[in-house]
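Asker: Sequence:
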Amino acid sequence: MHTPLSFKLTPDVVAEEGYIKGICYDRGSRKDLWDTVPPRMAQRIFAGMLNETLTILTVRYCQTNTTESTTPLLLNDILNILLCVVQLLPSICTNGSDLAGLEVKQQTRDVRDVHAKCNELFKCLVYRGAELHFIHQVFKDQEVTESTKNSPYPWFIFVSPNLFANNLDDVRLSTQELPDKTAIGLELLVLLAQPQPSWPLVVKALMMRQCHLSRMLLIHAVRHSSIDNSRWPANGLWYSVDGKQRKCDGFLCTADGFCKFKQDNNG
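Quick note, the sequence shown lines up with residues 690 to 956 if you use my numbering.
Don't read these hints as lab results, they were simulated from the structure.
Be careful, since some hints might not be right.
Below, simulated DSS-like cross-link-like pairs (lysine-lysine); rule was C-alpha separation at most 27 Å, straight line [said to hold, decoys possible]: (1) Lys720 to Lys893; (2) Lys870 to Lys794; (3) Lys794 to Lys933; (4) Lys794 to Lys812; (5) Lys794 to Lys829; (6) Lys829 to Lys812.
For clarity, every value in this text was computed on a predicted model and none was experimentally measured.
Start from the sequences, fold in the hints, and give me the full structure.
Answerer: Here it is, written out as structure tokens:
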């Protein structure tokens, strides 16, 4: 990341900047924690490291004075920081609500603080980057309303366009009313970033929204099953099930051609 030319960073802050880039791109610190420390403790340590780093960067970038030539460098730095944090944040979250900034009262202190600091950086990005004419037009033409408590943080929406619909007004909803794609995507991001497999999160992701993900996986498996289904030995055989004659269609049979159907005692 470039350093804004209008102020000089101390060696400590330069080190913090290098740290946040390192853990994002190399992921060495996180991997070392995951491999050597118990999962919960590793998450707490990593959350503290990320939170303290953001504290220094937020204060420095939000309080600095820039010129016309150095403002683009500042905006580039802030955007890089937000893009880094959105990759790291799932590692310290326990569910999708934490990741999006929903249900604030149930969040841990570190997660809540990270969201708050990133939102301040995002405000700085908007106010410093937008032309005064457009800012004036927004406040003049539209009534300023407070964001609902159960809406994802604006900074997270901005750096996660693939999770949210093009119409950002759709995200001003409660946790349960988020679209299926968004809600399931949030849970999967958290699940994949955990120090070790989290079986409760696996079950939650598979069962939520009326088993939406499970149905997608099943449909995908059926559609991409072997094209030799029609030639398998099991296809066309008749069996007696509960006293009724039924035909096996080879559904979900394995590619080795052996039928896994178990006929009942009346067969």
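Asker: Can you list which hints this structure breaks, lowest number first?
Answerer: Numbers 3, 5 - these are the hints that the structure violates, sorted from lowest upward.
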